[in-house]
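Just need the whole structure built from these sequences, with the hints factored in.
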Amino acid sequence: MDGNYMNLNIDLKTLAEAINGKIIKGSGNIPFNSFETDFRKIKAGDFLLALKGKKYNAHDFLQNTLSAEIKGWIINEGELPKFANLPDCVIAVEDTLKSLHKLASFHRNKFDIPLISVTGSNGKTTVKQMIYSILSQKGLTCANKGNFNNQYGLPFSLLELNLKHKFGVFELGASRQGDIEELGAIAKPNTAIITNIAPAHLEFFGDIETIY
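Heads up, the sequence shown is in the working numbering, so the first residue is 1 and it goes up one at a time.
Hints are computed from structural coordinates only; laboratory data are not their basis.
Take the hints with a grain of salt, since some may be wrong.
Unchecked claim - Computed spacing ranges between beta-carbons, pair by pair:
#1 191 - 64: 41 to 47 Å
#2 45 - 175: 31 to 37 Å
#3 185 - 77: 20 to 26 Å
#4 69 - 11: 16 to 22 Å
#5 53 - 146: 15 to 21 Å
Positions of the beta carbon are idealized from the N, C-alpha and C atoms, including for glycine.
This is the structure in structure tokens:
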């Protein structure tokens with residue numbers, strides 16, 4: 001996700017508190033407005049949040065970003081001993097994905113606007129787009145792009161909220177038990193819509209009772 005969509009307007013101290021992180025290097029009053037997660041898109045002055053998945057670990061590429069005059073890293077504390085050289089700012093956290101969720105939740109809490117979440121086995125994106133179209137006639141509405149609806153996409157979508165938005169509508173997707181509860185806790189919707197519950201994605205859930 002391109003960090004240029006964000007305007008978080010906080011400082012490192014506030015960031016560290018929001019994501020339960022430790023400032024390892026840098027001053028707490030340094031501004032923090034956006035970040036990138038793809039080291040290939042990094043530019044001078046950027047912050048990089050290093051995500052770690054089952055098949056990918058951005059920490060493996062962090063050293064390459066130093067030549068780009070990167071401003072700072074947000075990294076897993078357990079990865080810190082790997083690095084002899086650090087950028088100007090470093091925040092260490094227990095789990096960068098969980099910290100992304102905490103930051104999105106922190107940012108969402110700034111906005112007292114009607115926020116709708118849409119989930120279900122089928123039709124989520126269509127219903128979300130219909131609601132977005134209706135609400136947009138009344139005011140600027142923030143929504144997921146496409147189906148950015150999972151544990152990665154939803155937080156980035158919420159981080160695009162700004163003071164000009166009058167409404168929010170966000171699609172929540174699930175690929176395992178507990179996903180919707182987790183994503184709902186991040187989005188904190190005022191209104192939740194379930195389109196339907198059907199035997200979809202049973203390779204992840206096993207049976208329809210588990211979906212319920």
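Now for the hints, and whether the structure bears them out:
1. 191 - 64: 41 to 47 Å: holds, 44 Å
2. 45 - 175: 31 to 37 Å: holds, 35 Å
3. 185 - 77: 20 to 26 Å: Given a distance of about 23 Å, which is inside 20 to 26 Å, the answer is holds.
4. 69 - 11: 16 to 22 Å: holds, 20 Å
5. 53 - 146: 15 to 21 Å: holds, 20 Å
Of the numbered hints stated above, none is contradicted by the structure.
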